[in-house]
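Student: For reference, the chains in residue letters:
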Amino acid sequence: MIIGSIAIIALAALLAPWLHRWLGWRAGYVLALAPAAGFVYYARELMGVAEGRALVSTLEWLPELGVSLGFRVDGLSMLFCLLITGIGTFVLMYATPYMKDYALRGRFFSYLLGFMGSMLGLVVADNVILLFIFWELTSITSYLLIGFDHDRLAARKAALQALLTTGLGGLALLAGLILLATAAGTYEISRMGPISGDHPLYVGALVCILAGCFTKSAQFPFHYWLPNAMEAPSPVSAFLHSSTMVKAGVFLLAKLNPIMGETALWDTLLVGFGGFTMLFAAYLATRKTELKPVLAYSTVSSLGIITMLIGVGGTYGTLAAMGYLFAHALFKAALFLIAGIVVHATHEKNTEKLGGLARAMPFTALAAVVAGLSLAGAPPMLGFVGKELLLKAGLGSANAIPAIAIASVTGVAAALTVMAAFVVVWKPFFGRKPEHAGHAHDDAANNDDASNDHGHHGHGDHAPHEAPFTMWIGPITLGVLTILGALLPVYFVDAVVKSAAHDVLHNAAAIEPVARTVYEGTSLAAFDMLYISTPLLISLGALAVGLVLYVLRKPYRATTELLAPIDRVGPLRMYHWALDGVVALAKRQTRFLQNGSLPIYLRFVVTAMLVLVGVALLRTGGLGTLRNDLDDLGIVEGILVLMMIAAAYATTRQRSRLATIAILGIVGYAVALIFVLFGAPDVSMTQFAVETLTVVLFVLVVYHLPRFALFSNRATRLMDALIASVAGLAVGALVLASSAETSIAPISWYFNEHAYPAEGDPAGRHYAYGRNLVNVILVDFRSMDTLGEITVLGIAAIGVFTLLRLRPDREPFAEPTGAATFGADEPDHKRASQGEGERPHREGSA
Amino acid sequence: MNSVILRTAARVLLPLLVIFSIILLLRGHNVPGGGFVGGLLVASAVVLYAMAEGPRKARAIMRIDLQVLIGIGLLIGLAAGLIGVAAGEPFMAGLWFEFPAPGLGEIKVGTPLLFDIGVYVTVLAVCLHMILSLAEDA
Amino acid sequence: MDLLVASPILLHLTAGLLCVVAWKSVPAQRVISIVAALLGPLVAGLLLVTVHNSGPQTAALAGWPAPYGIVLVGDAVSVIMVALVAVVGLAVVVYAMGALDKPRERAGYHPLIHLLLTAVNGAFLSGDVFNMYVWFEVMLLASFVLITLGGTRGQLEGAIKYVTLNLLSSVLFLSAIGLLYGIVGTLNLADIAVKLPLVDAPGLKAVIAMLFLVAFGIKAALFPFFFWLPASYHTPPPAIIAVFAGVLTKVGIYSILRVFTLCFPQQLAEFADVFVWIAGFTMVVGVLGAAAQFEMRRILAFHSVSQVGYMFMGIAIAGVCLAQLAIDPAGDEQTGVLRQAAVVAVAGTMIFMLHHGVVKMNLFFISGIVMKLRGTAELKHLGDLYRTHPMLSLLFMVTAMSLAGIPVLSGFWAKLVLVRAGLDAGAWWLVGAALFVGSLTLFSMVKIWAEAFWKTTPADADKALAAHDESQGGPVPGVEPRAGQGANLTLMTIPAAALTVLAVAMGVGIAPIYRAAERAGEAVMNPDQYIEAVLDAEYLERLDEHRAALGLPPRRGGATVVAEADPTPSPEDPS
Amino acid sequence: MHTLLAIAAGVMFASGLYMMFRRSFVKLIIGLVLIGHAANIVIFTSGGLVRGAPALIPAGEARLPDDPAFTDPLPPALILTAIVISFAIISYTIVLVRRAYQAIGTDDLDQMRSTDK
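Protein chains in written order, with the numbering used here: chain F, 1 to 846; chain C, 1 to 138; chain P, 1 to 575; chain H, 1 to 117.
Think of the hints as simulated: they come from the structure by calculation, not from any bench.
Glycine included, each C-beta is placed from N, C-alpha and C at the ideal position.
Fair warning: there could be bad hints in the mix.
Claimed, not checked - Pairs of lysine to aspartate or glutamate residues, derived as EDC-like cross-links and limited to a Cα-Cα distance of at most 20 Å, are as follows: (1) P:K24 to C:E89; (2) C:K108 to H:D108; (3) P:K447 to P:D536; (4) F:K157 to P:E451; (5) P:K102 to P:D200; (6) F:K554 to F:D809; (7) C:K108 to C:E98; (8) C:K108 to F:E466; (9) P:K102 to F:D151; (10) P:K447 to P:E538; (11) P:K380 to P:D273; (12) F:K433 to F:E352; (13) F:K100 to F:D151; (14) P:K24 to F:E811; (15) F:K157 to P:E105; (16) P:K102 to P:D2; (17) C:K108 to C:E89; (18) P:K447 to F:E561; (19) P:K380 to F:D151; (20) P:K380 to P:D424; (21) P:K447 to P:D200; (22) P:K102 to F:D631; (23) F:K100 to F:E352; (24) F:K587 to P:D536; (25) P:K447 to F:D809; (26) P:K380 to F:D580; (27) F:K587 to P:D460.
What the hints assert, rightly or not - Among chain H residues calculated to face chain P with C-beta under 8 Å, some are: (28) M1; (29) L4; (30) I35; (31) V50; (32) G52; (33) A53; (34) I57; (35) A59; (36) E61; (37) R63; (38) Y92; (39) A103; (40) I104.
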């Protein structure tokens, strides 16, 4: 059934384009049934899972590598399953009218559902490789969705940025997961026991896994891609980049917390990166004026909070992490959807130019208020509960990092977030609309995170109006849930959050008593917090400061503008610097290595070969004995070889082409004579014939080529001579070493035995019936070689023929037009006959 | 060089060289020689002829398209190997047939000889094809 | 069974030769070609099943027993390669019928393709080092002719580099064979494997091994020998280059794998660090080369270099494992891990070769379709294909993501297996490089996607193209005729779609493929299986006695050969 | 004699490489031919040289006599195959170079860079 829930969504993704062709834009409503079905399934299983009965399903896949289709839904996974399928359903309903005017909607739904299925798979996977598979799939579908508005360069760039950042992290994650599985001895997460920090693979696994999680969950310094990803249509922002995909990283951190989380290193890294991200992103959010960037940075901040909380750990920390994660998914998805509605209705993104929309869009405004309160962490919202727990956890932390520091940083971040909440909710719906609010985007300073949610241009009427039901029902429901979540803890906090936290804690037993003191005894758990306590005071202080900051936002922004130069050295710059650097390096390398000069390639290759040979000799201590039989030398052969050497050398000195070819012929004939002298007449005959033919061909061709020119300078020639000499020396030495080594007799004796039968030889023995052993080898013992050899010949002839006849500058296979030549070359060379009988001949007979 | 002399020489030499090459081919199994050298010899004879009469006539006396002849030569070689397969022996296995020839006694003919003939034909066709193509391409 | 092992060679050889004879009739060539291409997978499948069920199959050609005659060996490694050749052959023949222009088809495309496939099969199946050389040459010359088929300026320029460097490789290969014969007096790979440890010439053996490495490294396009590949691969039409990308470089990798694990395991262990460096540099340099390119086929060509690095990485990791085993051959638990890591590493190489053969070929197919549609593969002139050609977009996206190693496609597993083996063997930097290179591969693929598919076609693309043509005095090399001139797009799309499905199927159904690859890994790491299949027991016994007389440890036990003692030379003839 | 021939192989190899490093088409091919010869000599010499006794079984005998020693027939067979193959490839390359010269208009290898960038 777990697989079924993924499969039905995947099926919907596959069918989306066809369904869309058939049903038109309303197809989205039908497609929403797929996640809805999943939601119903998981909701029905909720109580069972909360009671500790995890859903399990395992199929074999590649057991040799520990890869299985192992699925397991425990409390943590259940929390995510409900979020993905539930919010997913609303997002699809929302997207159906929203995307009405977009081209290629069918593919949009395909990608969105594809993403949904991958995300669902990610959170229910128990096998780490399976988890990674879904992880990568979310990256790819996210890429397609961010770049959905593919005509715009900004969208393409943002998509690439997200993909590269999360992709690189993903690859590190793969290594980390394999190391983890190696250390744990199993690939199934549920079977992994805690791994000690002393394990040799622990640090490597940790660093790699954190790289994956931090990139995916947009932790500093990888946070830059998330605000840019707002290039995607709003439903995508709501779903992927606030409530689900970006939480994959924190999900994995939570999932691995019981396994890897018992070290100080883990805690320090998570708290450090998470805390800094929380504060830094909250600050960045307050500097933005457009709807989606504010929300995006506030999302980054929230992800930092959750990361930090997992690091803080302990009962409060874990409960807070899960509670905040749950609340954030609900209200942030709602806010993005609302932002989409606002932009959709007004074609205006800048909050400073918006105002008073509550009158025209009452339902949307209601949803916005509820979600906004939750974002601000005001009671009695779930967001408030989450933040209270957070502060409590911080204050009660027994960690290396002082509790005060955590609490104060959290307080500052909370205040900044409150201000952001006012900016995105209060200002557009209840604020005053500026008198001369045009639609021109003159606010260039704040426009660097270009967010462009267009798509539909009903130009004429710009009066804001309420969105259709299917668009505002989602935000309202999600908003209301954040109240209910706080008010009805039995169904939400107990069943969802607590059971998730249960799976995240190392010593799960500890959660019970605390959870009781927090929640039990009252159905209005949130008001439990209202007792005067430090967290509450900080919370209220944050609300107040946030409000003040909102009111004073203009001077605040002007002040912080002074800090703007810092942005220039930020991580986004690093990203561009790295990307440009890689491309520049690539170009430089290609210019250097693949420079187009064949002689340089050859020098490179030969030098590399010599280096390899040198390494081989150095490591093994040299070639050993070299054969020396200079004392046993015949006169004829000696002269022949000296001639050969002299001729070979002479080719390098000659300036005349024909002379060089003639000298080359001398080398060939000398070689042929050597063969004769040392008992290989067949080879010799062949060599003579081949040498002659080669010279003929050379002369036929060289006739058309220019004379030798002196291209290279003296230094180059010296260097070449050096490389060539070393290579020659090596060859000579190798031959001597090889011929000195005679410990094993060659297999040739067999050919002698089996070439020719003796008189009266017993029948049945296999013979080749030939006396010329070389020929017998060629046509019998090793006839396959010869078959290959004549095939080469045949191909060469075909090649020569097609090279000459098939060429772009002539009709294909035209008969040659000129008179045939037989290599009339230079005036003194009169061997040629001009082929008198030959007439120009055009009839194609080829 | 006078082309009349060349022509006469080519006409006379051609049949002689062909016969000599066949001898080389047939004896190759026992003494130096064989299909390769034999084929080259014929090719050079025809090239000589082409130098005298022009490449087109040279192609004409072959009576068969050289490109096709290459294929045939190679197929002969392959067939020599496949005969062994047909007889239930391994690919390329040498099969030998003895039959009496008047005046020469027993003659042994085997698939290796057929194979060598394939080599002979291929080499002949290849060399001619290459040189004639080049010669035609002014 | 003799015939079965030889049949992949004979099938394509027969087809190729018949096509030569049918030179004048393109329809006849097409029929011959497609029949052979269809039979290819059948024969390969049969061989695969037979080897799976009854172990390595050998064919002693002409009936002469190994090591005296030439023997063909179909073992777990070579049959996988033969199966790849069959798939590549079928796909490319169908594609070419749709894509290739008439003049090129008339100029011997069909015979040459089949002769090329013959040679590739020959190189994979041959159990004899000189016979391998011969097949290399057949392959080389067929590829030379194919790469120049059409004779455009770009083709000729690229071909000169391709030809020269590959000829240098051949000469080195030949010299290494000569030197090797000089010391062991045999050419049969199994026989070399058994006799080489009997020879006490560590320096000479190491140098010969290096010569083989360079010779095969040039064919495989390893760093620093790869220059010919980016210079030439993008010049001929995709119907030609696709088959090169599919199988040719893999012959080099296969040969390194075969020769080093069978004959030179000691040198593989001794120079494992060299292998690791080469693998790392090949991956990085190739992928950076691709990052600098803005033409589809050039990008793909450079990526081939990078991916050859991945294939080589498996061999390098196996070497690292052997080296560690040689240092510490004690039978503790780490030994088991390392042995298994070596097996997995080789399995990774095998899977990568299969995956890359299918996927890279398909990307060249797709680039060919793009060129037919738009007349260019230059990214700056392209755009909008996402809007206008949804099916093509899907095919490209799936295939490109497979190349980039995105799950659950074939490339993911190839990468996963290698990474896994590398981590088990402790080759941290190599794994890091592989992962980094993976992300740059993704970058390149996404670059093509964003530029050719997503972007709006630049308004002046047509004009720019025409001006470019004009300035070059006619059609630019590599720029095909416009808009489907004379092409059958359906026939081009069918194999592309089939290969895309195959990439997905290989990903989802990885289990049987992995098992086959793992068997190949085991075969490679335990060469005795191969040796005993090729050489008869009596012969081996004599050699083993000789071995014992020299005071060498027994041959059995696969990788233990690397922990060999110092042998003393003996003038005696082992046979 | 081995020594002298080994030196010859070395010189041929070196000269061949040196020629290949030059920028001219023709020199490139001459270099290729030279290193091809060198490789053949390498095979021939490594296999061991024996003066004057080709591996021909005398008429009437069933096998070669043990004395005088005969040349190992395998290296010559390999060389023969290699010679023919390299002939095929060299002739193809010669024509390729000619066509390249026609198409590009130069025989300077460094002028051919349009396919690498």
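Student: Checking hints one by one. Is I104 of chain H an interface residue toward chain P, by the C-beta closer than 8 Å rule?
Tutor: With a minimum Cβ separation of about 6 Å from chain P (threshold 8 Å), the hint on I104 of chain H holds.
Student: For K157 of chain F and E105 of chain P, compute the direct alpha-carbon distance and say whether it is at most 20 Å.
Tutor: violated (42 Å)
Student: Does the alpha-carbon distance linking K447 of chain P and E561 of chain F stay inside the 20 Å limit?
Tutor: violated (35 Å)
Student: Report holds or violated for the interface hint on I35 of chain H, using the least CB-CB distance to chain P and a cut-off of 8 Å.
Tutor: Holds, because the Cβ-Cβ distance from I35 of chain H to chain P comes to roughly 5 Å (cut-off 8 Å).
Student: Compare the distance between the alpha carbons of K380 of chain P and D151 of chain F with 20 Å, and conclude whether the hinted pair is satisfied.
Tutor: Holds, at about 14 Å.
Student: For the pair we were handed, K24 of chain P and E89 of chain C, check the Cα-Cα distance against 20 Å.
Tutor: violated (35 Å)
Student: Given R63 of chain H was flagged as interface, is its beta-carbon under 8 Å from a beta-carbon of chain P?
Tutor: violated (15 Å)
Student: K380 of chain P and D580 of chain F were given as a pair; does the straight-line alpha-carbon distance stay at or below 20 Å?
Tutor: It holds: about 18 Å lies between the C-alpha atoms, which stays within 20 Å.
Student: Under the criterion that the straight-line Cα-Cα distance not exceed 20 Å, is the pair K108 of chain C, E98 of chain C satisfied?
Tutor: Cα-Cα ~5 Å, so holds.
Student: Is K108 of chain C close enough to D108 of chain H, meaning Cα to Cα at most 20 Å?
Tutor: The hint is violated at about 57 Å.
Student: Below or equal to 20 Å on CA atoms is what counts here, so check K102 of chain P against D631 of chain F.
Tutor: Between K102 of chain P and D631 of chain F the Cα gap is close to 65 Å, so the pair fails against 20 Å, i.e. violated.
Student: Hey, K380 of chain P versus D273 of chain P, does the alpha-carbon distance stay inside 20 Å?
Tutor: violated (41 Å)
Violation of the numbered hints given earlier is confined to hints 1, 2, 3, 5, 6, 8, 9, 10, 11, 15, 16, 18, 20, 21, 22, 23, 24, 25, 27, 28, 29, 31, 32, 33, 34, 35, 36, 37; the remaining hints are satisfied by the structure.
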